[in-house]
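**Student:** Line order of the protein sequences matches chains V and L.
All residue numbers for the first sequence refer to the working numbering, where the first residue is 26 and numbers rise by one.
All residue numbers for the second sequence refer to the working numbering, where the first residue is 26 and numbers rise by one.
A few of these clues could be false.
Where chains are identical, the list cannot tell them apart; a pair therefore holds if satisfied intra-copy or between any two copies.
To be verified - Straight-line alpha carbon distances no greater than 30 Å define the calculated DSS-like cross-link-like pairs of lysine-lysine that follow: (1) LYS155 to LYS99; (2) LYS37 to LYS257; (3) LYS304 to LYS51; (4) LYS105 to LYS82; (5) LYS105 to LYS78; (6) LYS270 to LYS216; (7) LYS298 to LYS31; (8) LYS175 to LYS216; (9) LYS175 to LYS270; (10) LYS155 to LYS211; (11) LYS298 to LYS82; (12) LYS257 to LYS91; (13) LYS298 to LYS105; (14) LYS257 to LYS270.
Read the hints as simulated data drawn from the structure, not as lab findings.
2 protein chains.
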Amino acid sequence: MLLDGKVVASEKMERLKSEIKGIIEKYGIEPELKLIQVGNDPASTIYANSKIKRGTKLGINVTLEKFDNITMGKLVDYIKDANANSRINGIMVESPLPPSLNFQEVVDNISFYKDTDGMTSFNQGNLYTKNEMIAPATARAVVDILEYYKIQPGNACIINRSAVVGRPLAMLLLNRDYTVTLCHSKTVDIKRIARENNVLVVAIGKPDYIDESYVTSESTVIDVGINYSGNKISGDVNFDSVSNKAKNITPVPGGVGIVTATDIFENFLNGLKYQIKEKLI
Amino acid sequence: MLLDGKVVASEKMERLKSEIKGIIEKYGIEPELKLIQVGNDPASTIYANSKIKRGTKLGINVTLEKFDNITMGKLVDYIKDANANSRINGIMVESPLPPSLNFQEVVDNISFYKDTDGMTSFNQGNLYTKNEMIAPATARAVVDILEYYKIQPGNACIINRSAVVGRPLAMLLLNRDYTVTLCHSKTVDIKRIARENNVLVVAIGKPDYIDESYVTSESTVIDVGINYSGNKISGDVNFDSVSNKAKNITPVPGGVGIVTATDIFENFLNGLKYQIKEKLI
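Chain V extracted, bound-state conformation (with noise of 0.2 Å):
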């Protein structure tokens, strides 16, 4: 079966969409969500803008604050008026940032309620114990992706270990009682593994390099993969080769990419909503 992700994610735009209404009209706020960019690096511009124009049509005001440079002094004092400032409900810095400054120590900054993008060491330690208020976007897309098609919960293989994906999809995956195997670069037998599991996630950044003989016929492969060529886009799996095989395959495109574009606007909502309950707007 072909698990395709714009079903998922327009099924979740329509209830964001009438969550946020319903919020606008109720309390009479204007929801704003702070995109701070520091440099010019191309695809962080490209998706800073399709952040505006998805936070649009949510009814968000998606605002772009861009630094040319800045240092991290200047940058923490920028986001703690932002965590400040009532008005701003939500606060997401665009990577990369320059190498002076160091990722994971700008964002820590920011409230947890205000951390849309679901990186802050408090909310990626908070899904220990199963708070899943905010969560990276990339990690609650492949979970969407697998709920809405009623995927079995049983044993997942996820090839990535990173703070964006592989970690905080295991924690997630781990709250739904899979039993739960983190691969990367230096795994041996990576194969064996990969079909041992009847979930099997990756997010390896090679374009097409799985193919059918990472898999089964019992496999859910879902492709976290967005590998640009010219004007092709395609994942890290061969599509061609392990739908064949493959119980059920994500696209790239048309997959996690457009679920998670859209799960970035959960973390807002959701922060949102804790900050009407706790009285901060």
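Assemble the complex: chain V is given as a structure, and chain L must be docked to it using the hints.
**Tutor:** Same frame as chain V, but now just chain L:
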């Protein structure tokens, strides 16, 4: 080979003692660890007393604040005062707390650099990005034993998914290039998975549960369990059965437990060094 925890712990005790002595002499401070106990759980009292004893050996003043009962608000106020008190260098909340108090919500009020237990969400999330300044002591103890006995990183199976053991240990092992599988009570075919990994860490709370059918001649077995039955202490691993077959095994007692008791003070020392570096004391 018997992986003797006493050797690991005693070597670490010597290092900690010497480092703390150096700090006391150089900065003229009297390091203090504040234990907070609510209620009268007898096991909790035993653990608190053993920390006081071990701390004294290390030149640390371990003090116990006992409340028969206390509200969340009052307890948070007490912790915030201790955070602000520069004479207190570490804070630990003894578990269990009464049902009216949520352990995670309570400890998340501790400043990360005074979080001797390593249980704040912030420090747990920090492990994602390889910042191991403070980590849950049991997870650190398992790694210490593996490293002391020079076990080659490979594939590790952890039977436990808690925030105290399984999840932080997975992070520490990933940081050391292990491929990690987290299993738990809902895992199917746990014996196969256990046998396929050269390191097996067990923390299930069932005395003598794991027998030789879970291991191979290549297995290194780390037994985190501490089960009391009358005066007898046993682990989760049936030592007689498994030690005949496995390559390496930790005993209980004298294995992970004694290293854990020491590693609490590794957290304390690392937090103390941070407080000195950041001129907080």
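**Student:** Evaluate each hint against the coordinates.
**Tutor:** Tested hints:
no.: 1; hint: LYS155 to LYS99; verdict: between (34 Å within a copy, 26 Å between copies)
no.: 2; hint: LYS37 to LYS257; verdict: within (27 Å within a copy, 55 Å between copies)
no.: 3; hint: LYS304 to LYS51; verdict: within (14 Å within a copy, 47 Å between copies)
no.: 4; hint: LYS105 to LYS82; verdict: within (28 Å within a copy, 43 Å between copies)
no.: 5; hint: LYS105 to LYS78; verdict: within (26 Å within a copy, 43 Å between copies)
no.: 6; hint: LYS270 to LYS216; verdict: both (15 Å within a copy, 28 Å between copies)
no.: 7; hint: LYS298 to LYS31; verdict: within (26 Å within a copy, 51 Å between copies)
no.: 8; hint: LYS175 to LYS216; verdict: both (25 Å within a copy, 27 Å between copies)
no.: 9; hint: LYS175 to LYS270; verdict: within (20 Å within a copy, 41 Å between copies)
no.: 10; hint: LYS155 to LYS211; verdict: both (29 Å within a copy, 16 Å between copies)
no.: 11; hint: LYS298 to LYS82; verdict: within (19 Å within a copy, 50 Å between copies)
no.: 12; hint: LYS257 to LYS91; verdict: within (29 Å within a copy, 65 Å between copies)
no.: 13; hint: LYS298 to LYS105; verdict: both (20 Å within a copy, 26 Å between copies)
no.: 14; hint: LYS257 to LYS270; verdict: within (24 Å within a copy, 54 Å between copies)
No hint from the list above goes unmet by this structure.
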